[in-house]
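Since the structure of chain B is already known, use the hints to place chain X on it.
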Amino acid sequence: MKILVIEDEPGMRDSMVQSLQQEQYIVETAIDFYTAQEKLHVYEYDCILLDIGLPGGSGLALLEELKMQNKTEGVIIVSARDSLDDKVKGLNLGADDYLAKPFHLAELHARVKSVLRRKKLEGHNYIICNNLKIDAEQRMLWVNEEEVELNRKEFDVLFYLVTNKNRLVNKSALAEHVWGDHIDEANSFDFIYSQIKNLRKKLKDTEAEAEIQAIYGIGYKLVNK
Amino acid sequence: MKLLNYTSAYFAIILLIVITIWAGIFYYSLLDEIYDSIDDGLDNQKGLVIQKAALDTTVLTKNSFEESDYAIREIMAADALNFQDTYTDTMMYMQNEKSDEPVRLLRTVFLQNGRYYQLQVATSMVEEDDLIKQLFYSILWLYTGLVITIILFNNFLLKKVWHPFYQLLKQLKKFRLDKSEPISTVKTNVDEFRLLNETIEKLLKRNIDAYTSQKSFIENASHELQTPLAISINKLEALAENNQLPESQLKLLASALDNLERLTRLNKSLLLLFKIENKQFAEETPVHINQLTQKIVSDFSDQAEFSDLQVTITEKDNCIQNMNADMAGMLITNLIKNAIVHNKPGGFVNITIHKNSIVVENSGVDKPLDEEKIFSRFHSGVPSSTSTGLGLAIVKAIAGLYHFSTAYHFDQKHIITIHF
Chain B
1 MKILVIEDEP GMRDSMVQSL QQEQYIVETA IDFYTAQEKL HVYEYDCILL DIGLPGGSGL
61 ALLEELKMQN KTEGVIIVSA RDSLDDKVKG LNLGADDYLA KPFHLAELHA RVKSVLRRKK
121 LEGHNYIICN NLKIDAEQRM LWVNEEEVEL NRKEFDVLFY LVTNKNRLVN KSALAEHVWG
181 DHIDEANSFD FIYSQIKNLR KKLKDTEAEA EIQAIYGIGY KLVNK
Chain X
1001 MKLLNYTSAY FAIILLIVIT IWAGIFYYSL LDEIYDSIDD GLDNQKGLVI QKAALDTTVL
1061 TKNSFEESDY AIREIMAADA LNFQDTYTDT MMYMQNEKSD EPVRLLRTVF LQNGRYYQLQ
1121 VATSMVEEDD LIKQLFYSIL WLYTGLVITI ILFNNFLLKK VWHPFYQLLK QLKKFRLDKS
1181 EPISTVKTNV DEFRLLNETI EKLLKRNIDA YTSQKSFIEN ASHELQTPLA ISINKLEALA
1241 ENNQLPESQL KLLASALDNL ERLTRLNKSL LLLFKIENKQ FAEETPVHIN QLTQKIVSDF
1301 SDQAEFSDLQ VTITEKDNCI QNMNADMAGM LITNLIKNAI VHNKPGGFVN ITIHKNSIVV
1361 ENSGVDKPLD EEKIFSRFHS GVPSSTSTGL GLAIVKAIAG LYHFSTAYHF DQKHIITIHF
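Same order as they appear, the protein sequences are chains B and X. Per the working numbering, the first sequence starts with residue 1, numbered consecutively. Per the working numbering, the second sequence starts with residue 1001, numbered consecutively.
What the hints contain is simulated information worked out from the structure, not anything from laboratory work. Careful, some of the hints might be misleading.
Computed list of lysine to aspartate or glutamate pairs in EDC-like fashion (alpha-carbon distance at most 16 angstroms, straight line) [claimed, not checked]:
id: 1; chain 1: X; residue 1: 1235; chain 2: B; residue 2: 14
id: 2; chain 1: B; residue 1: 87; chain 2: X; residue 2: 1283
id: 3; chain 1: X; residue 1: 1275; chain 2: X; residue 2: 1219
Here are some chain B residues the structure puts well away from chain X; computed CB gaps all over 10 angstroms [unchecked claim]:
id: 4; residue: 23
id: 5; residue: 37
id: 6; residue: 76
id: 7; residue: 91
id: 8; residue: 93
id: 9; residue: 113
id: 10; residue: 129
id: 11; residue: 150
id: 12; residue: 201
id: 13; residue: 202
id: 14; residue: 224
id: 15; residue: 225
Source: prediction; values computed, not measured. Just so it is clear, CB atoms sit at the ideal spot from N, CA and C, and this is done for glycine as well.
Bound conformation, chain X alone:
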């Protein structure tokens, strides 16, 4: 949920509660005031009627309301003595409305000429349901108005106020550590946003610095490893040439050499990855993927034959891509190498070339590999003592460089697709 809507929703709920409570209180105090005023009026009228009765005794015979708003009847003294004035709400037929309408009725007694009379004075009341209805609609309108105002306010004013924040968010979304481009923030007068901008700028700068130094550290380390590796391999090779070594020692030597060579391959692949990421392969030419694939497959033919693999190429179309020739070679090589290395004896590798994609299918372990991890560094589905675990990472890096998409799925076989 967006921040704007979030606050709007909160406001709406709070307003709903506040206005409901407020409407209740308002309604009862209003009603109270109305009763108060009506009762005062009734009281006044009572006085007037009693006064009138004192002057005109015919009034005392007026038993029903009829056209007037009072009625008098004589009562027993015993009843009268215990009588207290009562105000009640009751219904009375109204000529104009042609229905029973609520009235406020005052019942009182008075003494005239030694006789007790009960006086009823009525006056038309507010219709409570009408009042509630009216009040409800007013409140509803008020509420709607307020909510609309808040939404508009949020959208126009808050959006303006939060602009630096959203700008920062947008920049952060685009930010990539390996691009090492600092983000540009919007100037703001709001202290919190300024602080946020400054903090994030500092944080990112520190991250970029750390990333760059780490990268160059690994890069330099890889470079520096080359010479000692070269010396070690060459010394061991010189030792192996010494004919006096018994087989048991040659075995040890062979194993040491194998591992040093594995280290060399690993190092080379790492350096290659750095070079791809540093975009050190700039020159682009149209590359014929079909011919390139055929050449690479033929380079691997001995290896495929040794592992008893069937390698087929299906050319659906001619695929020509503008890219660095070395990069294209490495992309296809690593794809095919991966398919051959992570295979099983008697398996197959099927390569299909379309106009804008290449699909490599291969047999291997009979379960799907983790699609998320397969292209990441040092993730190997099957433990292998010779694989560096960087082949598909190189594929991914090259694909990333040229904005190709890579996909993996499993359907009885492992299928890797590169969309150019």
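Chain B on its own, in the form it takes in the complex:
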């Protein structure tokens, strides 16, 4: 999988690149409008992370060029300007997704994986994680080919953790992803724990080869058992 990160801010770019490389993607970068334009003309990418505010021009202009070449598939706009206008424009121009800065790396992975999944595997596709099998469309989980009943939130939590397997998922990233953005002002994210507890029990009962670890004060991590 080849990913192009178009981002002018070095700190931001490094974080994204490092984090994506951990997932074994081939990551290339472009630091301004012209290098991005050049790379987009010459190479093909599975996923493009596109910053809107770039030196030399707007990321939306790049998106327009991609649209003309019919190559907008797999574009995720990453913008500090969390503006509805940009979002609507970007999505109308064919971008797959819109991610507002600041974001959690876990959320970036979830979005990238979702784009890649939609792009590469048409129709039914399963995510396999040891003896776990997940159907993202039908929202179903099988352990050892046996269906496990999960409620909506349990499924979302599990799916998010599986997407970020072996990575530490910040509890606020998890809360925002599963419970929505507006959960952000919650007293604490401790209420997540009850869903995690149920999920752990179900994974244990079905002898799933995965477990959820709590990382002190920060969040959770799904690891092989």
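This is chain X only, laid out in the frame that chain B set:
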């Protein structure tokens, strides 16, 4: 008190004092002149009587006034020598008036044929009380006339003169800094008003400029903060993924992350407020408040359950509002979030939806909060490390955008009402 009435009142008081003093002076000088003239007349008559007495001695026997206006009686030489002419005011019976009326009486002595006679000459006087009465009524009429004239003058002329001033006042009353519409002033020939207009126009322009630049400064600052915040959070997350960190360091990391996230939320809320104020949410659709509320309450159900809160929705009627769907979502979300966050374990949140209002009641601290401040930014009744203090400010901003009214009151519970 209005400026017009104010000047009128002053004029009335000043006139009252001036006219009273003036009336007093006028009265005494008038009286003085009358006495002077009467005394002259008496003096003349005295001369005539003495002359007549010289020719006709029968006159000397006329002891009482009767039909004439003089009386003569003989007196002792010793008395006569010490006698000086006196003018006195006295009363005398008047046939026509059938009562005692004031008269001016001259007492004098004269010598005729070696004998001394005392002569009294009287003439009818002005009746002072009548004069005063007359004068008082005239003055009263004058005063009333003057006051009415002044009021009319004030109302018609001054109103016209002060028109630019009142126009300016009207404009200033409507002026809102955040609307940044300059005021329009009336052209005037009065230097002071022109100066006032110019000064205020300049002042407002400076204020609008300062407000706009400050607003865009904060807005830009918030935007610019996003990237460094994103980098910091992502770097710390990367650090946390490093498994070698001991728990003590993870604790520090967790605390740093929590605070960065709090900063992020704060920043996001600020940006949202700016967007609401800049009316960046234009598109309006009919929004079903009932369904929206149910959805949001279900989103918060885990949180409510965790805090052991009872959340109920009572739908008295169907509430449909024409507004931006995102704005409606944020309005209800912030209302409910506020009720859940500022609550106590085992408490409750009761939501009632009427045709044109939504009422959110919640338990919490057992004392009323400051109604004035509750909707203002960064005013938090209870110190909280996770709340941004902007939730109700966002509610207020959205309500303001759509001209909804917001109200808070305390009745054993906190009650917030939004009237659509």
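**Q.** Violations among the numbered hints, reported as their numbers in ascending order
**A.** none
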